[in-house]
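Chains Z and R, in that order, give the protein sequences. 601 is the number that the numbering used here gives the last residue of the first sequence; the numbers go up by one with no jumps. 223 is the number that the numbering used here gives the last residue of the second sequence; the numbers go up by one with no jumps.
No lab work stands behind these hints, which were simulated from the structure alone. A hint or two may mislead.
Claimed, not checked - Chain Z regions said to be covered by chain R (calculated; three or more residues, Cβ under 8 Å): (1) 11 to 25; (2) 464 to 470.
Unchecked claim - A few chain Z positions that, by computed beta-carbon distances, are all more than 10 Å from chain R: (3) Trp156; (4) Ala268; (5) Val327; (6) Glu435; (7) Asp457; (8) Trp482; (9) Arg565.
To be verified - Examples of chain Z residues toward chain R, derived with CB under 10 Å: (10) Met105; (11) Val107; (12) Ile459; (13) Met460; (14) Glu486; (15) Val523.
Glycine included, each C-beta is placed from N, C-alpha and C at the ideal position.
Letter by letter, the chains look like this.
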Amino acid sequence: MRRAAVLLLAWLALLGVAAPGPAWGAPDGGVLTLDSAQALLQPDGLAARAGWVDLVERWDIAYPGRGGRAVYRIALPPNAGAEPMAVFFSRVGNQVLVQLNGVTVQRWGRLGDPAHDAAKNVLMAVLPAAMLHADRPNELRIEVTIQAQRWGGLSVLRYGPQAAIEALYDEERRWRHAAMVVFAAGLAGMGGLAGMLWWRQRDALYGWFSLAALLGVVRNLDRVWPDVPLPWPLWGMIVAVCYAAHLALMCRFTLMALGPVSRAMDRTIDAAIALSALLAVLSFALARPVLWTLGLATLVPLGLASLALIVRAALRGGSTTAWLLAAAGALAVTAGVYDLGLIRAVNSSGLRHAYTPHAMFAFVVLMAGLVAERYSRSVADYRALNTDLSRRVADREQQLNLAFDALRVQQHEQAVASERQRIMREIHDGVGSHLVGLLNMVARPGADPAALQEQVQHALDEMRMAVDSLQPTHDDLIMVLATLRYRLQPRLEAAGIEVEWDVTELPALRQLSPHTVLQVQRILLEAFTNVLKHARATRVAVRTRWHAAEDRVALQIADNGIGLHADAAAPESPRHGHGLDNMRARAAAIGASLRIEAAAGGGVCVALDWRIAPEAAPPS
Amino acid sequence: MSHVTPITVALVEDDPGMRARFERVIDAEPTLRFAFGAANATDLLVWFAENAVDVLLIDLGLPDHSGLEVIRRARRLQPACATMVITMFGDEANMISAFEAGASGYLLKDGTEADLASHVLSLHAGGSPMSPIIARRLLVHWNARPAPLAVPAPGPTSEALSRRESEVLDLIARGFTYAEAAQRLGLTISTVQSHVRNIYGKLGVHSKTEAVFEARQLGLLR
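Okay, chain Z solo, but in the shape it has when bound (with noise of 0.2 Å):
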């Protein structure tokens, strides 16, 4: 009941000024802007305070850390007119009733409920011509229910046919909600990549962005959204915390930017932080809104100590990056001062902008531009990288040719003089002691011609199978045999001996060398020597077997002449003698053992046994 007489006492006030008839200015577009009304003021614990009000003023600062309610009454003039009209309000809250002649056009909120919070957004409120009297003043009533440090209260408005209202209040809207909505989403995108980057680098820069645009997030919401499930202040308490530390760590983005940041910066950013928090905290605890106020004047000289940093760094690097932090710092912290000192400390109405986050956006775009940066940088180093190692690459494995090539002329060459050295050697000992003999023969008077031509005849064997034993044999002993045969089969045939050609597969042989080939025809010659000159045979078998069990080659020439006791008795025989040693001696040397044994028919059968795998081990 009371209320009702406070408010009729108002109203009845109200009506007293406006009684005298206001000069109903119509500026533009036939918009009134009003800025003073006749209210009623019940700040809580404090005597109510009827009167025109300056709609400039702000609640909070005329009632410090006061909830309360208040009824504000502003007479509207006639209007004729079957236009909508409409109310611009550029700040009201924190819920609102709004009425035309007693008749609620409008609702933000319960009344005395604190869950929705008004004030944050512009807004707009339609009153229908029909409701408008035509011949006497409206009377537009606006009451309010407020909480401490919320912004409560009623500012400046504006009045008019609801196009230009609209107009107004669209163009308001974008600059104060959908612009937070877009800071908002812009913080959060790039404070998740930043996260993300520094969750996969650990690098501090990307963790302490990603914590200032995510912390920036929550105060950039909180301005476009009026339903905070959690109860004021706690809501306050957390949003001012956040808005605190996402300005001081901005500054420590910044630094940290340029490169390292001291020690001392470090700690005074550190404490910066936890002084405005407290502050904030203190503030929205206590209902002391000068505290946060202080809070946020406590970041001006940390904003200002970077910013001085920063341009020194630019004025002593240069780098378009720094002077880019430079520009964005120095906007900060203007948009800063000015809204503490222009909107936050003193009177303000609703239609004066705060300029903060338009600012601290731009620390987005200057951080999407350092990441596009360091990746084409990153990019670009790789690309140095991978043109380097492969030069590096061919370098070395040109080094390796030219090494390998040097490598195989030496072994080439290594190879020829070993090659030269061995055929000297068998020039040497074969055809060269052959002709010795020879020419000593020759020199002797009498010579035997039958000798001479034994002893022309062995010189041309040797240098046939020093040929032969250069020619390739792909590791086939059988080839070997073969060349040997296809020597001597003339003078076989001339003797009258058959040859009885019993030779198998065997497999190849890799130790097959010239040196080795040269050695078996050798042994191999003399059998066949032997079975020409002394054995009176008329048959020779050649029989070779593969005993693959115990790795073995088993090679036999078997006569059917007389044997070896008879020819003992031979004048050859010493020679004789001196040819199988030599034979035993040439087996030796490859890793083979000879037997000369008595054969089945009664002859000679030469017997060479040849292990060859895995290794020329030599017999037991």
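Add chain R to chain Z, keeping to what the hints say.
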């Protein structure tokens, strides 16, 4: 004897002693007639262009041109003439080159004088010798394995070996004589000899067009 037309033989050999020896041996054989002995390729080719012979014996190591060029040129001038290489050892690389140039056989220099004449007769009758190493090399050549030595891989015009020819080559490579090979394959010796001759012929086929080209390059053909 006089009513049998003797086989005419020409020789190019830079060693005068060897030349004289061949002349003596061939003249001593009534079925052979020594027609011309040249000390170098140029003399021989001048003479050869005007005179037909049945057999041409060629030493590969001539002072002015390679014996291989002489073989190519001779094949072109007188396709009916059998060109034969005289060699000390019958070594693989030289022999295969000679067969590719168109030689139809070879003759080892180191036999006795009696052997030489019979070899010439045998060659003319189509009995070319083949050493096991050459047989083996030809097997590898036709089996298109990577050629480890001087012989080029089979050209596109190179004819494939028949199965019989492969079998003959295989037996020769393993040291069997023509007679033994014939026995094992159930053929006559002359059939084996004709296989050998055909194998040599196939080796020479793909080189004939090259030979003409090379001869032009060398200025031998005008």
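Verification of the hints:
For a cut-off of 8 Å, the count of residues in the stretch 11 to 25 of chain Z with a CB near a CB of chain R stands at 0, and the three-residue condition is violated. Only when three residues or more bring their CB closer than 8 Å to a CB of chain R does the claim for the stretch 464 to 470 of chain Z stand; here the count is 4, and the claim holds. With a cut of 10 Å on Cβ distances, Trp156 (chain Z) stays outside the contact zone with chain R, its closest approach being about 84 Å. The beta carbon of Ala268 (chain Z) sits about 99 Å from the closest Cβ of chain R, which is more than 10 Å, so the claim that it is off the interface holds.
The claim that Val327 (chain Z) is not at the interface with chain R holds, since no C-beta of that chain comes within 10 Å of its own (minimum 98 Å). No Cβ of chain R comes within 10 Å of the Cβ of Glu435 (chain Z); the nearest lies about 14 Å off, and the non-interface call holds. Look at Asp457 (chain Z): its CB is around 7 Å from the nearest CB on chain R, not clear of 10 Å, so calling it non-interface is violated. Distance check for Trp482 (chain Z) against chain R: the nearest CB is about 6 Å away, which does not clear 10 Å, and the non-interface claim fails.
At roughly 25 Å from the closest C-beta of chain R, the C-beta of Arg565 (chain Z) stays outside 10 Å, upholding its exclusion from the interface. Interface restraint check for Met105 (chain Z): the shortest CB-CB distance to chain R comes to about 93 Å, outside 10 Å, so the restraint is violated. Among the interface hints, the one on Val107 (chain Z) is violated; its C-beta lies about 97 Å from the nearest C-beta in chain R, farther than the 10 Å criterion. Proximity of Ile459 (chain Z) to chain R holds as hinted, the smallest CB-CB distance being about 5 Å (cut-off 10 Å).
Below 10 Å, beta-carbon pairs count as interface contacts, and Met460 (chain Z) has one with chain R at about 6 Å; its hint therefore holds. Residue-level restraint check for Glu486 (chain Z) holds (minimum Cβ-Cβ distance to chain R is 8 Å; threshold 10 Å). About 8 Å separates the beta-carbon of Val523 (chain Z) from the nearest beta-carbon of chain R, less than 10 Å, and the hint is met.
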